[in-house]
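Q: So the chains spell out like this:
2 protein chains.
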Amino acid sequence: MKIAVDVMGGDNAPQVEVEGAVAAAREHGMSIILVGDQERIKAELAKYDIKGLDISIHHASEVVGMHDSASDAIRKKKDSSIRVAFELVKAGEADAVVSAGNSGATMAAGMYVLKRLDGIDRPAIAQVFPTLVGYAVVLDVGGNVDCKPFHLVQFAIMGAVYAKHIMGIKNPRIGLLSNGEEDSKGNELTRETSQLLKNISFEYSGYVEGRDIFAGTSEVVVCDGFVGNIVLKLSEGLAEAVSSMLREEISSSFICKLGYLLSRAAFQRFKKKVDYAEYGGAPLLGINGVGMICHGGSSVKAIKNAIRFANECAAKGVNQRMAEKLAENFSSYNNVESVPQNIAG
Amino acid sequence: MKIAVDVMGGDNAPQVEVEGAVAAAREHGMSIILVGDQERIKAELAKYDIKGLDISIHHASEVVGMHDSASDAIRKKKDSSIRVAFELVKAGEADAVVSAGNSGATMAAGMYVLKRLDGIDRPAIAQVFPTLVGYAVVLDVGGNVDCKPFHLVQFAIMGAVYAKHIMGIKNPRIGLLSNGEEDSKGNELTRETSQLLKNISFEYSGYVEGRDIFAGTSEVVVCDGFVGNIVLKLSEGLAEAVSSMLREEISSSFICKLGYLLSRAAFQRFKKKVDYAEYGGAPLLGINGVGMICHGGSSVKAIKNAIRFANECAAKGVNQRMAEKLAENFSSYNNVESVPQNIAG
Numbered sequence: 006m007k008i009a010v011d012v013m014g015g016d017n018a019p020q021v022e023v024e025g026a027v028a029a030a031r032e033h034g035m036s037i038i039l040v041g042d043q044e045r046i047k048a049e050l051a052k053y054d055i056k057g058l059d060i061s062i063h064h065a066s067e068v069v070g071m072h073d074s075a076s077d078a079i080r081k082k083k084d085s086s087i088r089v090a091f092e093l094v095k096a097g098e099a100d101a102v103v104s105a106g107n108s109g110a111t112m113a114a115g116m117y118v119l120k121r122l123d124g125i126d127r128p129a130i131a132q133v134f135p136t137l138v139g140y141a142v143v144l145d146v147g148g149n150v151d152c153k154p155f156h157l158v159q160f161a162i163m164g165a166v167y168a169k170h171i172m173g174i175k176n177p178r179i180g181l182l183s184n185g186e187e188d189s190k191g192n193e194l195t196r197e198t199s200q201l202l203k204n205i206s207f208e209y210s211g212y213v214e215g216r217d218i219f220a221g222t223s224e225v226v227v228c229d230g231f232v233g234n235i236v237l238k239l240s241e242g243l244a245e246a247v248s249s250m251l252r253e254e255i256s257s258s259f260i261c262k263l264g265y266l267l268s269r270a271a272f273q274r275f276k277k278k279v280d281y282a283e284y285g286g287a288p289l290l291g292i293n294g295v296g297m298i299c300h301g302g303s304s305v306k307a308i309k310n311a312i313r314f315a316n317e318c319a320a321k322g323v324n325q326r327m328a329e330k331l332a333e334n335f336s337s338y339n340n341v342e343s344v345p346q347n348i349a350g
Numbered sequence: 006m007k008i009a010v011d012v013m014g015g016d017n018a019p020q021v022e023v024e025g026a027v028a029a030a031r032e033h034g035m036s037i038i039l040v041g042d043q044e045r046i047k048a049e050l051a052k053y054d055i056k057g058l059d060i061s062i063h064h065a066s067e068v069v070g071m072h073d074s075a076s077d078a079i080r081k082k083k084d085s086s087i088r089v090a091f092e093l094v095k096a097g098e099a100d101a102v103v104s105a106g107n108s109g110a111t112m113a114a115g116m117y118v119l120k121r122l123d124g125i126d127r128p129a130i131a132q133v134f135p136t137l138v139g140y141a142v143v144l145d146v147g148g149n150v151d152c153k154p155f156h157l158v159q160f161a162i163m164g165a166v167y168a169k170h171i172m173g174i175k176n177p178r179i180g181l182l183s184n185g186e187e188d189s190k191g192n193e194l195t196r197e198t199s200q201l202l203k204n205i206s207f208e209y210s211g212y213v214e215g216r217d218i219f220a221g222t223s224e225v226v227v228c229d230g231f232v233g234n235i236v237l238k239l240s241e242g243l244a245e246a247v248s249s250m251l252r253e254e255i256s257s258s259f260i261c262k263l264g265y266l267l268s269r270a271a272f273q274r275f276k277k278k279v280d281y282a283e284y285g286g287a288p289l290l291g292i293n294g295v296g297m298i299c300h301g302g303s304s305v306k307a308i309k310n311a312i313r314f315a316n317e318c319a320a321k322g323v324n325q326r327m328a329e330k331l332a333e334n335f336s337s338y339n340n341v342e343s344v345p346q347n348i349a350g
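Protein chains in written order, with this note's numbering: chain A, 6 to 350; chain B, 6 to 350.
Misleading hints may appear alongside valid ones.
The list treats identical chains as one, so a pair stands whether inside a single copy or across any two.
[As the list claims (entries may be wrong)] Heads up, simulated DSS-like pairs for lysine-lysine below, C-alpha to C-alpha not over 30 Å straight-line:
id, residue 1, residue 2
1, LYS330, LYS7
2, LYS175, LYS81
3, LYS52, LYS169
4, LYS190, LYS83
5, LYS278, LYS321
6, LYS120, LYS190
7, LYS262, LYS278
8, LYS278, LYS81
The set of hints was computed from the structure by calculation and includes no laboratory data. What you are looking at is a predicted structure, and each value in this text was computed from that prediction instead of being measured.
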């Protein structure tokens, strides 16, 4: 497996990406192609002893900025690092892409270059959240703002395959995010989706509420990208706000500060548990290939772990399994009369 | 001002409600009518010295349970404590209602008995959130799952009036919750709503993201009830998960525990800041009267504070001010040609 790393996208590019790639190659034996401005990459690589590591460079002359529009970036910047990285996958020279750049552009480039997986109308960005009992994958947290029920069913199946084969959960439970657990709750979209999910070949647990994400009652939480993005940013924002408020209170007296210093190890273990860097990036599911979208402010560790997970997705043939499950479920749907519409759209 | 307290609704009814009411009467000189089973209320009141306090009892023979459907409860249980409490307001015997019962039933009873405020199509439940710099009111966090743009505009105006007159914010800024700050983001609902909000007589700051709620960039955050309910429960769930994970880590060693004991004062100040009991309940905005919906598991302090805020809403004539602002804004809309539809619906 070879991973194409777009080194030009993140807030601290290409420094953090190159360092993360070197760490992934050294610690996990990953094979990596660094995609971006070759002079800058060479300058970064010169900082490390990379003898014996499988790291090569593929030049790309352009960069998609955080404020570029996704589709313009693809059409106008044909030699951008993110697009070139996906082209390497298309040409069979790489097996997966990792990028900390503009997530809309990454999604657009992935779809444009590699096309969608059979059975998928819209790819989704999945985000792994820590829960009280493990992890849950929430999707879509990306750009699919106005979804149809069959889109959410596709998300559910992709999420369940990801949970099973990458997160190692034998029988992942799928929850549909809603404003209450009773069947009478939900909006038009979720009520129709819920009916469809009752017939898929994975365990569907019905509606779950916002609090259930962290309680860990489902390993797969499905929602449209508008709601999912609010959930993602709210969680990040709340975690930051809690730390900031606590820090302020703790700094307000000597005794509190002393106490904090003593219990700091506990806070650090907690931080490690909830740190997104542990799982590195958010997989872009539903394209003909593997893409891992990292936070713009990713740390070296986040990049390293994203490369590791991207490699695992490619090695385990997650897309092939998704395509099989999609075909299996969508063909059976077409034969079920009780389903309110042809969910294959 | 006289506050009708439905004492039968909460998880620990009528005990907590009666104790909270006694505290509100004693500490803040509130005038209170306790509504519910008179024998049980008398038994609870016997525990306190209520001499000189303005507390009376109004008997109601039925109770709406947490699992009763809202509309059935109103139609079938005509002598339920929540419905009778609103009837007291209608009859002019009370000025506001406080309940820790079934929030759907409270909303339904309020609408059924008191009717909607002029200019309002759907009442909303507003929730005050602590932020890094103060407080923000988020609405709707209740039951309006599939909203039209003009519903959200009505929520925005009600929220702004509440923020101004009850939260004491001179020029409240209104943010529309979305999946990104740029105008190109949002879903069909928010894009149309955003155009409408640009013309109202309050400061509209555009789209805000999930993280901005806690950063405090807007004092009023508008969303539909599906999204708002997820936001509310996610925040509660995340806060609980963070406490629980931290507690586990802290208990794992003696030094960490000792450290925690020393810094406990900081944690307690933090807890007080984020404790919903401080602001008591979520106002039900948009009915012809004042209703305050409390958490089912409300503490005595939460009930006490909810009574205080309900009294303040009634005393300050918040509804009158909302009606004025709604009339002012909606009449001007009807004359603006650029508005895509008649937002008065």
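Q: Take the hints in turn and mark each one as holding or not.
A: Hint check:
1. LYS330 with LYS7: Within one copy only: 26 Å inside, 62 Å across.
2. LYS175 with LYS81: Classified as neither; 44 Å inside a copy, 47 Å across copies.
3. LYS52 with LYS169: Neither. Shortest intra-copy (39 Å) and inter-copy (57 Å) distances fail the 30 Å Cα cut-off.
4. LYS190 with LYS83: between (46 Å within a copy, 24 Å between copies)
5. LYS278 with LYS321: within (25 Å within a copy, 47 Å between copies)
6. LYS120 with LYS190: between (36 Å within a copy, 23 Å between copies)
7. LYS262 with LYS278: Answer is both; intra-copy 23 Å and inter-copy 19 Å each pass.
8. LYS278 with LYS81: neither (41 Å within a copy, 50 Å between copies)
Hints 2, 3 and 8, counting from the list given before, are not met by this structure.
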